[in-house]
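Novice: Protein chains in written order, with this note's numbering: chain A, 1 to 409; chain B, 1 to 409; chain C, 1 to 409; chain D, 1 to 409.
If you're looking for bench data, these hints aren't it; they were derived computationally from the structure.
Ideal Cβ placement from N, Cα and C applies to all residues, glycine included.
A few of these clues could be false.
If you want the footprint, here are the derived chain D segments under chain C, 3+ residues with CB under 8 Å [what the hints assert, rightly or not]: (1) 178 to 185; (2) 214 to 223.
Derived coverage of chain B by chain A (criterion: at least 3 residues anywhere in the stretch with Cβ under 8 Å from a Cβ of chain A; other residues may be distant) [said to hold, decoys possible]: (3) 179 to 188; (4) 210 to 220.
Number of protein chains: 4
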Amino acid sequence: MQETKKNKIINDPIYGFITLERGIVFDLIEHPFFQRLRRITQLGLSYLVYPGAYHTRFHHALGCMFLMEKAILQIRNKEHEISSEEEEALKIAILLHDIGHGPFSHALENSIANNISHEDLSKLFMAKLNKEFDGKLSLAIQIFNNKHSKKFLHQLVSSQLDMDRLDYLKRDSFFTGVTEGNIGTERIINMLNVVNDQLVIEEKGIYSIEKFLIARRLMYWQVYLHKTVVSAENTLIKILKRAKQLIQNGTDIFSSSALKMFLKNNYTADNFIKNDDILEIFSKLDDHDIYSCLKEWANHDDFILSSLSIRILNRKPLKIKTQNEKFLEKEINKLKQKVSEKYNISIDDTNYLVFTGKVSNNAYQYHKTHINILMKNGEIKDITDASDQFNIDALSKTVNKYFLCYPKM
Amino acid sequence: MQETKKNKIINDPIYGFITLERGIVFDLIEHPFFQRLRRITQLGLSYLVYPGAYHTRFHHALGCMFLMEKAILQIRNKEHEISSEEEEALKIAILLHDIGHGPFSHALENSIANNISHEDLSKLFMAKLNKEFDGKLSLAIQIFNNKHSKKFLHQLVSSQLDMDRLDYLKRDSFFTGVTEGNIGTERIINMLNVVNDQLVIEEKGIYSIEKFLIARRLMYWQVYLHKTVVSAENTLIKILKRAKQLIQNGTDIFSSSALKMFLKNNYTADNFIKNDDILEIFSKLDDHDIYSCLKEWANHDDFILSSLSIRILNRKPLKIKTQNEKFLEKEINKLKQKVSEKYNISIDDTNYLVFTGKVSNNAYQYHKTHINILMKNGEIKDITDASDQFNIDALSKTVNKYFLCYPKM
Amino acid sequence: MQETKKNKIINDPIYGFITLERGIVFDLIEHPFFQRLRRITQLGLSYLVYPGAYHTRFHHALGCMFLMEKAILQIRNKEHEISSEEEEALKIAILLHDIGHGPFSHALENSIANNISHEDLSKLFMAKLNKEFDGKLSLAIQIFNNKHSKKFLHQLVSSQLDMDRLDYLKRDSFFTGVTEGNIGTERIINMLNVVNDQLVIEEKGIYSIEKFLIARRLMYWQVYLHKTVVSAENTLIKILKRAKQLIQNGTDIFSSSALKMFLKNNYTADNFIKNDDILEIFSKLDDHDIYSCLKEWANHDDFILSSLSIRILNRKPLKIKTQNEKFLEKEINKLKQKVSEKYNISIDDTNYLVFTGKVSNNAYQYHKTHINILMKNGEIKDITDASDQFNIDALSKTVNKYFLCYPKM
Amino acid sequence: MQETKKNKIINDPIYGFITLERGIVFDLIEHPFFQRLRRITQLGLSYLVYPGAYHTRFHHALGCMFLMEKAILQIRNKEHEISSEEEEALKIAILLHDIGHGPFSHALENSIANNISHEDLSKLFMAKLNKEFDGKLSLAIQIFNNKHSKKFLHQLVSSQLDMDRLDYLKRDSFFTGVTEGNIGTERIINMLNVVNDQLVIEEKGIYSIEKFLIARRLMYWQVYLHKTVVSAENTLIKILKRAKQLIQNGTDIFSSSALKMFLKNNYTADNFIKNDDILEIFSKLDDHDIYSCLKEWANHDDFILSSLSIRILNRKPLKIKTQNEKFLEKEINKLKQKVSEKYNISIDDTNYLVFTGKVSNNAYQYHKTHINILMKNGEIKDITDASDQFNIDALSKTVNKYFLCYPKM
């Protein structure tokens, strides 16, 4: 059919139809680096708690791009210029903002490679693609890195109200079925404006912003930091660590060839920069590498590797306790002692089965960037000042919770 | 069909199907007092701003009853007894909790009759129905009036988390299209429990409660107290007042016969109690009485009556300004002076066209009743203490806004 | 706020936000003729069965206009020209296509005035508005009347796949809660194209069209022609007829002044054309005129007028039987005899309480206009040929059902 | 919290909350055989077209069980007895009805093992679980195998209106975003009844059934048999076949240990029955086995294995043509000749790149079992007779389409 030569329509259960026009954006989506995101779940192991939450980074990136188009339309309607080159660059930047994610997204962010964030990896991927596409991503990269003179363009890609957050809260709420996390994406975008090169929200949108911040907080505690998810994901980290230990000590373990490279070597940011091949190998990784290993490792002789793998596969997470203060060494050591005896493993090895950590949540990161409200009288206020009640102020405090994981005994 | 003898299914765009079993609840729904609620909109004149918001008190009452059934089920599952008599009484009580509403619900609450709230009228209606139904509503009335020894039964009907609020927030959000007001009704009901004869929410439901309070606040400012709605509803009050003034001064004005009784006489609670007929006449009133008058009054000789009526009919509301402090007499008087000159009316009559008022909103009425959270350790805490951030505390403060209405000049 | 000078945003629970730009379309919406549609329900008395179905002609007209904008965008994307004048005209034409509806829409279409359809009245209103707006509606009227050389423009306004149908099926399904009537509006619009100046659907959209036709049929039987609705609406027609009979015979009955004119006079199309005032008076009518009369008539001495009015008010519809063949005179007469005796009324008057009629439904009106499918090979086929199964053919047959209404005895 | 000892609540974006009570049903869900369904997508490779469609067999099975509870409630309300043992058995039977599915569900049904359907495998799994659970599944198995004297129990598990179909149409529609496939699950269940030990639908539900059948057909063509999906899934079958050929000819290829067993051996139903271990190994398989292999095979020396694997990974499906008649040998051979030359492979090997097949769809399988309608007069009619138009008759015909896949050249 004639029109399929010009564009492609993708069904999104959330927004309806997403239309992709032929061109560089289309070609980037077709690229193996991007197609790979189809195999990386957005929410790591959250589907162990929310069985609908299998949506992928691929889907999220398309959703962000869709919202970016809406935002551009609104801002232009309010008579701020965005050139067609800038439009394309914005779409590329948001499309690729998460391309550096590896298996299980955030869950394994520092377990596969060391000291390199997914943002850094996104930048490396963009640079590589920019070469491949003859420099056509340069403007997008400039915006992504906040080097463009129009600051508000970067804010559309990365800020407290960027298209990333607007999409992921809505999408995660939808697929988990936690309807309370749903936000007024459309209304927020309608309220976007630009003043002094800063993205602002018009006063009429205050309640939508309050709602957005509350929903974000709710999603953190109810989904992203759900106790069972925290336990499962930290267990997965331990599994990777054990696998590295074993393989680096010469024990043979099953692995895909790409993952094996990362298990054998403790690659850091430096390695990625010096050796281009490492990014290429990283680009082969996705959730399947991990899962296929877990399934083989479940039968491995090493008790720690196998027992933890089985916990993920059969959904038998370690028990988890949370509290507002750090756990006492004494309590932890007592548990380790017990575990050492019960499973007949060294105290050192109990670190794989008994461990603590901290999760934090602040819905509004006041000290990083602001959400600015354009009052009817033309003034600009931070949302915490603009809100007629100071409850938002409380929201901007970081809440820490400490957790302790251990086998049921 | 056989089963239609036993029950009736009603489509609700929100909950799907609502099943009504034959019996007293069914008969009450069929009663003219209740059928009349089909002609009383839930949100007064809000449809001037939200064109989908034509839903009625009838629909809301059915929705409440549906939620009551769910709540009873949950509470019984948690091994608290609710007898089948109590179940029926709870359903009757919630079904009739708003039966005392007159035309345009809250908007005209003190304009048709004086000093008698819709709750008082609901009680009068219930008493009348109780006679008609041979005392079968006695238990429901006892619960409604909080005279039953099981206090939590009353809390299901009237408290900060009663079925009324759970339904109206959800319903008003649905029909206005203000999706951000949507609340997790199902989850909140699942988290209901009873401790020491008090309704409580289990700790896991904290975020849903936070969300509920924020949604409630958002709905207040965005819908219930929307400036255009406030202007229109206060104008309607002025119209009724003017009509009473005219008719009581001997000017003939069009009116339905039921409404005429209320325009001619300033009935108070006392009159209702002494003279049974007044309630009967009140029961004939609904939105149509008001609207049919507005349409005739639009052509009346009296400038104030006609011009205000036209404002409602053709959606030309008075301008409205809001601020956090009272408006200064000086400012108001200046406006009145201008209006007096422009329209050639007495300063006294400008009170119909220039007026001020106050709207208030506190999402959480801490000083009335509490929302109690049942912590995992068995402790009971108020939501403002249980929440890990004290933002809810701010929510519980009353926010007042003052408004000033006047014709555009 | 700045942007409010340029446009206005309206919440629609179905489409989200509908943006209205300032200009003639905006001014038409503000006009009393159009504002009046806020007081005319889309589905007549269907809310007696579906308590959510209070949505109005006003809301429907806005929805149609919203879809028209989407359709224009699609068609332009497929490189068919629609000028900005034509765009405005299309929006006006669809906005006003139903402006001729009177109280309760179709239900009373031939009861208030005689032999004049709502389309004819729409044309009269458009002509009147065209004068008021200095000829700015001429192009819209030309398209509405199918006098424009580009035939596909008219088809967007009126055909088997016009924006009217796409909106009303979706909207009626939404507000009744009959979710099965929901249709793939967005997909159908995406599949629109133009070939040889005819609106066509691209082959990929075949299943959506099948679905649309099935949904339309389902909505007919389940909502529009629901037995209780048919009974209630035909009763309403009888009430109007009785009121006319009484008033024309000199009996005094309550009525709004506008409705009184139509009760006293049997206005026909001719009268409207000759006397401009009649349209003006018609423009004052809405659902409230009828309802306020019903409430007074419920107390009238005339048994027929009062008893039928009470039936509507208290939702006690006449019983209704349906069958595929006409009812036998014998059966009808026997019923009338009984009714005459029971209620002590003349046989003549039993015609108000015992009556028959026919309802028809054909989901696809093959003999009027076609739904054309653009096959991948470029061929154009009627949907009944394009569908791989001939079931659509059956759909295009008219189904008649006969009904008989009578009081329960 | 107290109640978590009694039951568990699972979020379902479709139905809201699904409550699981402790007991055998709960224990079955916890079993590794069932947990494994979390790793098997419901719709095979459909997510290559519908990026939201990652939902799993696990989620579907829970949904079916939820609907089963609703259906049992309805049928009991209509005074047909279902004992609590039968209730539990019905829930077990529907929960496990798909437990025999392997990787990618239907897509690889005959590629992993030979001549053994997923139903047969489900029966084997049930038998094994029955042993493990001391015979507690016996009644469920009896119902599943239609050996129970109450025939309607089996029909709830497997018939044209079983809970399986009611859930999967709704669920697949939801996650793909093909909203037109949505069906009136709740209404259909409300209309369920039992006459002469047969499941029937009450007459009022006719339109819902028509809608259900149309939606089913639409989903077939638009989702299940979408051309790109057909191409991708048949390619996957070819990949498995090639892998078997290579490994059985002694070429070493990467594989998980469980999959390797199935690649090396052409297991049939017989083997499963004779050797209990094979089912155990089969129970280790899921989508990850296949995907992790594809990723390694993409680098294999064998051109066919690697090039086809890359096609799936990077979403470069073979081109596909469909028509109503078989493709001519001549046309196919010409293509094979070209492919042989272009890729320098033997004509024999072109069978992996150029192949034909047939897809069929009949929405209503008249010749298998009937959908019976209970007319108001007590008569039972097949839906094709009960429908007032014979379009359903057409629906019951099988539609065949032939496809031809080949590399773009």
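Novice: Within the region 214 to 223 of chain D, is the number of residues with a Cβ closer than 8 Å to a Cβ of chain C three or more?
Specialist: Since 6 is at least three, the answer is holds.
Novice: Using C-beta distances, would you say chain A covers the region 179 to 188 of chain B, given that this needs three or more residues below 8 Å?
Specialist: It holds, with 6 qualifying residues against the three required.
Novice: Are at least 3 residues of the region 178 to 185 of chain D within less than 8 Å of chain C when you compare beta carbons?
Specialist: holds (count 5)
Novice: For the region 210 to 220 of chain B, do at least 3 residues have a Cβ located nearer than 8 Å to some Cβ of chain A?
Specialist: Holds: 6 residues of the region 210 to 220 of chain B have a Cβ under 8 Å from chain A.
When held up to the earlier numbered hints, the structure conflicts with none and fits them all.
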